[in-house]
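Peer 1: Spelled out from the first residue to the last, the chains are:
2 protein chains.
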Amino acid sequence: MRFPTPLLLRAQSPLQSQSKTLLSLLLRSRRLSSAPSPMAGPSSSEATLREALAEKQAAVDTQAEAVRTLKARPDVSQAEIDSAVESLKGLKLEVAAVAKRLQAEVNANGDGSTGGLSKDAFRLAVVNTLERRLFFIPSFKIYRGVAGFYDYGPPGCAVKSNVLAFWRQHFVLEENMLEVDCPCVTPEVVLKASGHVDKFTDLMVKDEKTGTCYRADHLLKDYCKEKLEKDLTLAPAKASELKHILAVLDDLSSEELGAKLKEYGITAPDTKNPLSDPYPFNLMFQTSIGPTGLSTGYMRPETAQGIFVNFKDLYYYNGNRLPFAAAQIGQAFRNEISPRQGLLRVREFTLAEIEHFVDPDDKSHPKFADVADLEFLMFPREDQMAGESARKIVLGEAVSKRTINNETLGYFIGRVFLFLTHLGIDKDRLRFRQHLPNEMAHYAADCWDAEIECSFGWIECVGIADRSAYDLRAHTDKSGIPLVAHEKFSEPREVEKLVITPSKKDLGLAFKGSQKMVVEALEAMTEKEALEMKATLESKGEAEFLVCTLGKTVNITKNMVTINMEKKKEHQRVFTPSVIEPSFGIGRIIYCLYEHSFYTRPSKSEDEQLNVFRFPPLVAPIKCTVFPLIKTQKLDDVARIIAKSLTAAGISNLIDVTGTSIGKRYARTDEIGVPFAVTVDSTTTVTIRERDSKEQIRVEIGEVASVVKEVTDGHSTWADVMWRFPTHAASADERLDD
Amino acid sequence: MRFPTPLLLRAQSPLQSQSKTLLSLLLRSRRLSSAPSPMAGPSSSEATLREALAEKQAAVDTQAEAVRTLKARPDVSQAEIDSAVESLKGLKLEVAAVAKRLQAEVNANGDGSTGGLSKDAFRLAVVNTLERRLFFIPSFKIYRGVAGFYDYGPPGCAVKSNVLAFWRQHFVLEENMLEVDCPCVTPEVVLKASGHVDKFTDLMVKDEKTGTCYRADHLLKDYCKEKLEKDLTLAPAKASELKHILAVLDDLSSEELGAKLKEYGITAPDTKNPLSDPYPFNLMFQTSIGPTGLSTGYMRPETAQGIFVNFKDLYYYNGNRLPFAAAQIGQAFRNEISPRQGLLRVREFTLAEIEHFVDPDDKSHPKFADVADLEFLMFPREDQMAGESARKIVLGEAVSKRTINNETLGYFIGRVFLFLTHLGIDKDRLRFRQHLPNEMAHYAADCWDAEIECSFGWIECVGIADRSAYDLRAHTDKSGIPLVAHEKFSEPREVEKLVITPSKKDLGLAFKGSQKMVVEALEAMTEKEALEMKATLESKGEAEFLVCTLGKTVNITKNMVTINMEKKKEHQRVFTPSVIEPSFGIGRIIYCLYEHSFYTRPSKSEDEQLNVFRFPPLVAPIKCTVFPLIKTQKLDDVARIIAKSLTAAGISNLIDVTGTSIGKRYARTDEIGVPFAVTVDSTTTVTIRERDSKEQIRVEIGEVASVVKEVTDGHSTWADVMWRFPTHAASADERLDD
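Protein chains in written order, with full-length UniProt numbering: chain U, 1 to 738; chain R, 1 to 738.
Just to be clear, a hint being listed does not mean it is correct.
Straight line, CA to CA, 27 Å or less: simulated DSS-like cross-link-like pairs of lysine-lysine [claimed, not checked]:
id, chain 1, residue 1, chain 2, residue 2
1, R, LYS488, U, LYS631
2, U, LYS664, R, LYS488
3, U, LYS367, R, LYS367
4, U, LYS312, R, LYS664
5, U, LYS709, R, LYS367
6, R, LYS694, R, LYS427
7, U, LYS367, R, LYS631
8, R, LYS644, U, LYS709
9, U, LYS141, R, LYS192
10, R, LYS367, U, LYS634
11, R, LYS634, U, LYS644
12, U, LYS141, R, LYS427
13, R, LYS664, R, LYS694
14, R, LYS709, U, LYS631
15, U, LYS664, R, LYS312
16, U, LYS478, U, LYS534
17, R, LYS631, U, LYS488
18, R, LYS363, U, LYS312
19, R, LYS694, U, LYS488
20, U, LYS644, R, LYS192
21, R, LYS192, U, LYS363
22, R, LYS488, U, LYS367
23, R, LYS478, U, LYS478
24, R, LYS141, U, LYS192
25, R, LYS367, U, LYS644
26, R, LYS709, U, LYS709
27, R, LYS312, U, LYS141
Derived by calculation from the structure, the hints in this document are not laboratory data.
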């Protein structure tokens with residue numbers, strides 16, 4: 001049986017007219033903004049302040065009017081006037097005070113910018129360091145770049161490769177997942193089936209004179225935010241309206257968005273020209289496969305489809321057994337209308353996706369006990385709607401109370417928590433937020449986003465969704481290849497089944513060319529419809545029957561169809577598996593990791609602030625540096641021997657024999673997050689310094705590689721090795737520099 | 001100063017009118033076919049045989065004519081006729097014998113198909129195993145696939161990830177390379193500068209009736225090969241002509257190709273319809289960046305350009321010091337006209353590229369001594385042109401005799417040899433072939449391809465080229481950003497320099513609006529031109545001067561320009577670095593590795609052939625399997641404990657508790673190249689079996705993970721551990737099965 005072409009997209013809510021795919025969870029920060037509760041209006045203290053401000057302002061106006069009236073009257077004494085003016089001044093001071101408090105409140109709530117300038121300043125410091133040390137480079141910079149494209153420079157590339165290696169270890173190896181690697185170029189039919197060709201769109205408006213394109217929702221969002229932040233005289237009701245718009249921005253239809261843009265008189269930001277009505281722009285990069293120009297292809301918007309189309313082979317590879325998971329790491333593409341938010345909103349990015357296929361009747365997970373005791377910040381749907389904040393919940397309880405729909409979903413939420421915190425994400429700035437009803441697709445059982453707080457606000461970095469059987473069904477329909485699983489019964493089971501047997505001969509005589517459509521419609525009846533028809537046929541000998549494909553009602557007589565409940569022996573159950581999909585936006589995780597790892601500390605002379613990334617060794621782009629303390633051939637030679645032994649042990653290292661002061665060399669490598677520095681000050685033993693504590697131990701040359709490997713591989717901690725080796729007090733030379 | 005837009009492509013010879021980029025070395029097997037010497041005609045024995053065959057055939061024809069004449073004459077006795085017929089029979093037998101030898105010779109020389117059917121059968125066996133065990137999957141299979149796209153299934157994906165991890169260890173870590181990661185989507189300007197937009201093309205012909213597209217050179221090649229292989233009566237001269245065409249196929253211009261297709265009457269293979277003239281088709285996938293449709297982009301055809309455009313930042317990152325190398329691993333794309341050769345010719349593939357930047361005046365390499373003693377198959381230009389075969393040469397000698405242009409190029413050739421043989425490539429089927437003069441770009445100093453022999457012939461898998469300063473200059477020209485290096489002199493050097501100083505005032509008075517063009521033309525004079533003008537001005541007071549940009553000759557008087565040789569102190573030398581580029585086609589290497597690793601051996605009962613991949617542990621997709629010998633809860637539990645300890649040690653493993661016979665379980669995992677199998681037959685000690693020798697040792701449960709890790713990490717060999725542990729004789733159960 002063929003389903004109709006899906007009208008709804010992956011993870012799309014029936015309420016949403018535009019594409020809101022799971023991808024969007026990774027690529028856009030849908031609820032970036034808003035107060036802790038996205039459903040609530042202005043936070044209560046902000047609303048109170050707005051009201052107070054309006055009252056005080058009204059009082060000022062009244063008093064000002066009173067002063068004018070007094071001044072106009074010849075019968076009023078100067079003393080009376082002075083007194084009224086004093087009152088006015090007092091009231092004005094009160095207005096200013098309330099306005100100041102309101103501004104602070106707005107800054108604290110608004111779009112993740114708590115602390116106002118300080119967050120911006122922090123971000124600037126991080127991004128400057130990242131760009132100066134080539135963690136990233138705007139792509140094609142010598143040609144003035146292209147918005148939304150970034151290169152990973154040497155340390156960034158190493159961090160990325162470490163994160164991906166750990167992802168493989170933590171998920172693929174640990175869970176025996178089947179990893180695949182599919183092309184980026186994807187033929188149209190695949191993305192037609194998935195819904196992307198029709199629905200993977202954003203609404204765009206054009207400057208009617210210059211043709212410049214803007215995202216319609218961005219313009220409306222900017223307008224609302226600007227009003228809320230700058231216009232303190234905004235009436236509380238109006239503020240509430242604008243906040244509501246920000247909360248439901250993603251749910252607005254093309255018409256609603258267009259109407260709001262008109263209502264607020266929003267024009268093109270650069271030219272103030274009038275704007276076109278919003279219309280959908282497909283976000284996939286389109287191309288053509290082969291030389292004929294007849295075969296359309298797209299650069300994949302996600303890696304998941306490559307797994308779904310291979311389900312049959314992968315299920316076979318797994319011995320026709322469920323559950324199993326497939327995984328894929330790879331590039332995905334999204335032709336943004338006008339990329340903003342720097343490294344968080346890009347046009348090409350690395351995704352790591354898992355599709356865990358399970359029997360819809362049994363979503364238990366054998367290893368759930370391993371994560372059940374974890375306790376971390378969760379933000380269930382109900383708490384969001386009640387205007388509360390995220391709170392710590394024990395994972396096992398969240399599943400047993402059905403806050404989280406099932407064990408397998410819960411297991412992956414726990415594993416994602418462990419993955420992110422191992423990388424160095426601060427667990428107090430990581431929360432798992434459940435999707436609200438209007439965010440979720442009609443077919444999805446439950447969805448949670450791992451959101452990480454950074455200077456841009458709470459950013460969705462991982463989406464963990466129970467997508468039921470939607471994707472496999474969509475490809476079954478389009479390809480005609482059944483993507484199903486089988487459960488063999490140990491003994492055949494007797495089941496009662498409704499059997500509809502149209503008599504093709506009689507139907508042919510009655511309906512001639514339309515026979516096929518009538519047969520199909522009869523076979524497609526639900527159990528309820530069929531039983532009703534059976535009753536009618538038995539009582540009246542004929543029944544009226546609507547054939548949609550003919551667009552009319554026909555008369556069915558008793559001889560044309562047999563409808564019976566029959567007992568059948570079944571040897572197996574055939575079903576479409578459900579899929580639980582954890583989907584990781586690697587670039588976003590890495591950016592948040594940069595922010596969570598960055599700090600500054602004064603130099604020894606306290607005349608400047610030094611930048612440090614406190615990456616765990618697992619993530620650090622280079623694990624160890626080797627410096628001769630002073631520039632001599634002997635020490636240089638020792639340094640080279642140590643560097644060679646580190647390389648042989650597979651530890652990425654950097655040797656610096658420039659003879660720059662040791663303090664400067666430390667500062668340089670602290671700034672790219674190198675956790676350990678070996679300083680060569682003798683030909684027998686050397687010191688190893690830890691980046692954050694700046695503590696040093698003294699180790700024999702032959703032991704350096706194994707000690708560093710122990711701590712970078714995570715077999716020992718720095719504290720462990722501090723016990724085993726003599727500590728080293730910085731020498732005069734070093735004190736001078738450090 | 002701006003250079004003209006480059007007309008010649010990367011690695012393109014001035015003789016070639018179509019794109020022959022370095023990429024082509026990776027993506028097409030340019031000289032797939034041909035005898036050991038691509039320049040030679042038919043090999044001498046083949047030519048001799050063709051001549052002998054023609055002579056014998058002529059003798060047969062003469063004798064047959066003689067027999068006919070005898071028979072027609074009434075005066076000839078039957079005995080005489082019988083004797084002539086016997087001679088004819090003898091001559092025919094000789095023809096058949098020579099034809100047989102010729103066929104064998106043709107098969108031995110032709111297109112790598114030595115052994116004829118047996119190579120095809122071998123390939124079929126490998127590819128069937130690869131596809132059945134999901135090493136690869138034709139992409140989008142449920143939608144009937146798209147030519148030129150393949151997925152890596154679970155074992156293939158693991159092999160690829162192992163190969164890339166080793167590449168990172170062997171090149172990036174070992175050489176402290178700067179790894180970068182740039183987007184696939186690339187704006188037009190970058191690929192305009194590199195020459196790809198204008199020249200990255202293949203010649204295409206169209207079926208004039210159906211519009212089906214073919215690669216023009218493929219059709220000509222097929223025709224020549226078919227003639228050579230099937231038509232034994234081909235005159236030696238004609239055979240020579242066809243062999244010559246095969247050898248120079250890539251050098252033929254559009255017109256030459258078209259003329260040959262016409263001359264041989266070649267039509268569309270499927271329909272026999274006439275073909276269009278050949279015309280160029282650009283092989284890049286084109287797309288559009290952003291919503292306006294005004295910004296053209298392409299999917300990168302190689303990763304190298306991402307490194308070149310970042311040269312300035314990377315040079316700075318390296319402390320403004322040369323030499324240094326940058327590296328990149330990533331997807332590249334090539335919209336083939338009609339992909340053939342299965343996994344070797346694909347439309348999307350993974351490249352790993354290194355750009356090693358050096359001072360053109362000093363291409364020595366500090367670590368060359370580490371590889372100088374390596375001896376392996378090389379195929380220098382001269383040997384190819386003399387019709388000889390590849391031979392073993394010591395690398396140090398090849399460099400000292402200047403067979404290989406310089407130490408750095410030689411160093412990388414040696415490192416590539418070590419890389420490939422460590423992966424498991426057979427060193428007797430690996431050769432380094434130097435480019436012939438007509439294959440090399442005019443600017444290239446020297447190029448060598450690592451070619452691996454497989455059932456398709458000798459396949460270029462790695463290109464190692466000294467590309468001089470070409471690429472950096474091309475981007476300097478196009479972007480206006482100087483991509484140069486500086487050498488600071490320890491003391492300033494005095495140099496004589498020609499200084500041309502146009503007098504703008506006098507030129508303005510004389511030429512008004514054209515002044516700027518005249519100034520620029522004067523400044524652009526070569527040293528020779530300037531000195532000639534200086535002499536003329538001094539003798540005659542004026543000189544004629546052609547200004548190209550004005551398209552006319554103007555009169556220059558003495559007051560308009562000063563030309564002097566001046567002594568200047570220079571503090572540094574500014575130059576464009578040369579680049580040495582090793583470029584790896586990862587998919588091709590992996591495919592050749594599959595062929596080199598595959599073998600079959602009889603099952604114990606000798607009733608079937610079992611497939612084995614003899615992957616070294618480094619490459620093997622799964623390092624170790626764990627089987628309980630018989631199905632009991634106790635043994636299952638032990639197996640799970642061992643599997644867990646292997647996972648914790650980072651060793652990919654597979655547990656199989658299905659209770660299938662142990663022999664079948666071994667066969668299954670031999671077929672995906674798992675090197676070690678742990679069989680659990682007791683709760684204290686277990687056996688570890690090595691795949692190829694089938695030898696077994698007995699090891700305590702707690703030691704299993706560390707023993708397996710030792711051998712898979714390469715710290716010990718199997719022979720080492722065989723010494724340390726008791727060997728295990730297969731039990732009755734096992735003997736029954738194995």
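Peer 1: For the pair we were handed, LYS363 (chain R) and LYS312 (chain U), check the Cα-Cα distance against 27 Å.
Peer 2: violated, 54 Å
Peer 1: Taking 27 Å as the top limit, are the C-alpha atoms of LYS478 (chain R) and LYS478 (chain U) close enough?
Peer 2: This hinted pair is violated, its Cα atoms lying about 47 Å apart.
Peer 1: Quick one, are LYS141 (chain U) and LYS192 (chain R) close enough, alpha carbons at most 27 Å?
Peer 2: holds, 16 Å
Peer 1: Is LYS709 (chain R) close enough to LYS631 (chain U), meaning Cα to Cα at most 27 Å?
Peer 2: Violated: LYS709 (chain R) and LYS631 (chain U) sit about 40 Å apart, past 27 Å.
Peer 1: Is the straight-line distance between the alpha-carbon of LYS488 (chain R) and that of LYS367 (chain U) 27 Å or less?
Peer 2: Outside the cut-off at roughly 63 Å; violated.
Peer 1: Would the hint linking LYS709 (chain U) and LYS367 (chain R) be met if the CA-CA limit is 27 Å?
Peer 2: holds, 25 Å
Peer 1: Check whether the Cα positions of LYS664 (chain U) and LYS488 (chain R) lie no farther apart than 27 Å.
Peer 2: holds, 23 Å
Peer 1: CA of LYS644 (chain U) to CA of LYS192 (chain R), is that 27 Å or under?
Peer 2: Distance of about 42 Å is beyond 27 Å: violated.
Peer 1: Quick one, are LYS367 (chain R) and LYS644 (chain U) close enough, alpha carbons at most 27 Å?
Peer 2: With Cα atoms ~13 Å apart, LYS367 (chain R) and LYS644 (chain U) stay inside 27 Å; holds.
Peer 1: Next pair to validate is LYS192 (chain R) with LYS363 (chain U); report whether the Cα-Cα distance is within 27 Å.
Peer 2: violated, 54 Å
Peer 1: Does the structure keep LYS644 (chain R) and LYS709 (chain U) at a Cα separation of 27 Å or less?
Peer 2: holds, 22 Å
Peer 1: CA of LYS312 (chain U) to CA of LYS664 (chain R), is that 27 Å or under?
Peer 2: Given that 27 Å is the threshold and the Cα spacing comes to 23 Å, the pair holds.
Against the hints set out earlier in the document, violations occur for numbers 3, 11, 12, 14, 16, 18, 19, 20, 21, 22, 23.
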